[in-house]
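Top to bottom, those sequences are chains C and Y.
Counting from 1, one number per residue, gives the positions in the first sequence under the numbering used here.
Counting from 1, one number per residue, gives the positions in the second sequence under the numbering used here.
No lab work stands behind these hints: they were computed from the structure.
Virtual Cβ for every residue (Gly too), placed ideally from N, Cα, C.
Possibly wrong hints are sitting among the right ones.
Claimed, not checked - Below, simulated DSSO-like cross-link-like pairs (lysine-lysine); rule was C-alpha separation at most 30 Å, straight line:
(1) Lys95/Y / Lys473/C
(2) Lys88/C / Lys95/Y
(3) Lys341/C / Lys95/Y
To be verified - Which stretches of chain C does chain Y cover? Using the computed rule of at least three CB atoms under 8 Å from a CB of chain Y, they are:
(4) 87–99
(5) 137–143
Here's the letter readout for the chains.
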Amino acid sequence: MSPQFIIDASFIAAAFLFIYGLKRMSSPVTARSGIVVAGWGMLVAVLASFLYYFGVTEAAKPHLLGNAAVALIALVLGVSWAWWSGKKVAMTAMPQMVALYNGMGGGSAAAIAAMVLLQPVPADGAAGHGLVHYLVTVLGGLIGAVSLSGSLIAWAKLDERIKGTWRYTGLQAVNGAVMLLTLAIGGYIVFAMHGHAPPMVVVGFFAAALVFGVFMTMPIGGADMPVVISLYNAFTGLAVGAEGYVLQNPALMIAGMVVGSAGTLLTLLMAKAMNRSVSNVIFSNFGVTGDEAQGEIKGSMKPVEAGDAGIQMRYGSKVIIAPGYGLAVAQAQHKLYEFVKLCEAQGVEVKFAIHPVAGRMPGHMNVLLAEAGVPYDIIFDMEDINGEFKEADFALVIGANDTVNPAARTNKSSPIYGMPILNVDQAKQAFVVKRGQGKGYSGVENELFFKDNTNMVYGDAQKVLVSMIQAVKSLEGGGH
Amino acid sequence: MEAHTVLTGFIALYIFMLAAFTGYEIIGRVPSILHTPLMSGSNFVHGIVVVGAIYATLNATTTLEQAIGFFGVLLGAGNAAGGYVVTERMLEMFKPSDKKKG
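Please take these sequences and the hints and turn them into a complete structure.
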């Protein structure tokens, strides 16, 4: 068997394992095994790729040992750093970590494009590759570079290393100009230089693409970041697919394109869940009008003691909990589940209602609840549970704000107008656990807090839940 | 950089088209509780780019290419390994309730 045969066979095995693994990941029952299956595919493909050692071009042969050392060292360093960082990252920080790893993939695709574009013209004057080859190289490089710098900005924003957003008049014009400049340099490399531009031009191309990624991401607010991360995930997939074509590597082509289309669909689903279009997110003005357009809100916030709220819920027959990112920030998932188990022991029906954008991205809240041991069959998507709020005696809102704001239904001037929300306001009684009287992530005042049948439980979510648990427990202790 | 198999023109388009439909079909019916792990899982899958980076690095002819190749492999390896670890950690936690059995 020639090395090339082993490589080809490994790649087709990897492509199969990726697709089969992703398929298994699409159901909670088999999801765990899905990633393991895909992991084997990756291992096989990476090991096989070192067999390229036996098939390099004549020009590269004198450098082969050095090249192999470079690749091996980079591989070991990259894997160990990522393994270590992935093991220690907190579940709450998962979205930005995915963004970071995704950006790295985009960067890798851009690096491949750069290497192809920087190859010296063959000395024998043999015709290089055709137009399509370099066009795809440049496009893949552009998308990969945008994905790299854009993902880094998304990571920094979610990790709160960059605060605030860039907004100034003419922003769209500047971004448009940077994009045109990038495309112009790319076009020059492909059409005028036939893929053999001087290194400085290539550097300029990638610099412009990186700057464009930064400019494109900086004006986007934190609430929209999940959609952006998902979009860049799809971008990286496309970039990988494109570079796979350039390198004539079917594993990259298939895996890249599968992720490109799956990621695009996932992005559309997320944007739809937030009632936003993707172009609206990218060229948005989210939050700009937020502060000025506030309507007057009548009523006042009515505080209640945590213990009282806990006891009331224990005597209810149905409680629906609407958790938000604040719950995870307070690390209160475990206490919450302890409280839920106490209520369930008293025959209270408890369900979790998850807004599509609860947490920092769709499904993030489910991960955080799963971490606390909450079984996934008492957790419901918004669509499935929204009709049940009117039958619920109590709705408990913890660390959520915008996702339960009725203004999204009625107030046309609100920046969150049109976003579907959890119908917490339809429950007979709502308790809102909140640290203080501040506004939500989008900077919008919440009408729910001022409603007659809403009571505020002020305090850190963790402490509030401890009080609730104690109150309910003391009740059981005294009664029997 | 010509490998053994030649995948140009329409053959490449066929591969891209079928792969695109595959991705679409896989994600189409996914419950939203799995969106985050699945995004992370697909993020892992495009870590395969490290294979391309290794290939390009092995074929480097200048120091500049070697330097870029180093970063290409480093970043790609980070994508693949990091994506695997975080996805596995998230999916490991998904468990059904025990009570439902009784």
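Exercise for the section: State whether the coverage of the segment 137–143 of chain C by chain Y holds or is violated, taking the criterion as 3 or more residues with Cβ-Cβ distances under 8 Å. Expected result: violated (count 0)
Inset, instruction - Would you check the hint for Lys341/C and Lys95/Y, treating anything up to 30 Å between C-alpha atoms as holding? - result: OK: Lys341/C and Lys95/Y at ~16 Å, within 30 Å.
8 Å C-beta test of the segment 87–99 of chain C against chain Y, three or more residues: That given contact holds, which follows from 7 residues of the segment 87–99 of chain C lying within Cβ reach (below 8 Å) of chain Y.
Satisfaction of hint between Lys473/C and Lys95/Y, Cα-Cα up to 30 Å: The given pair, whose Cα atoms are some 27 Å apart, holds under the 30 Å limit.
Review point. Regarding the pair Lys88/C and Lys95/Y, is the alpha-carbon distance no greater than 30 Å?
Key: 21 Å, holds
The structure is inconsistent with hint 5 alone, although it conforms to all the rest.
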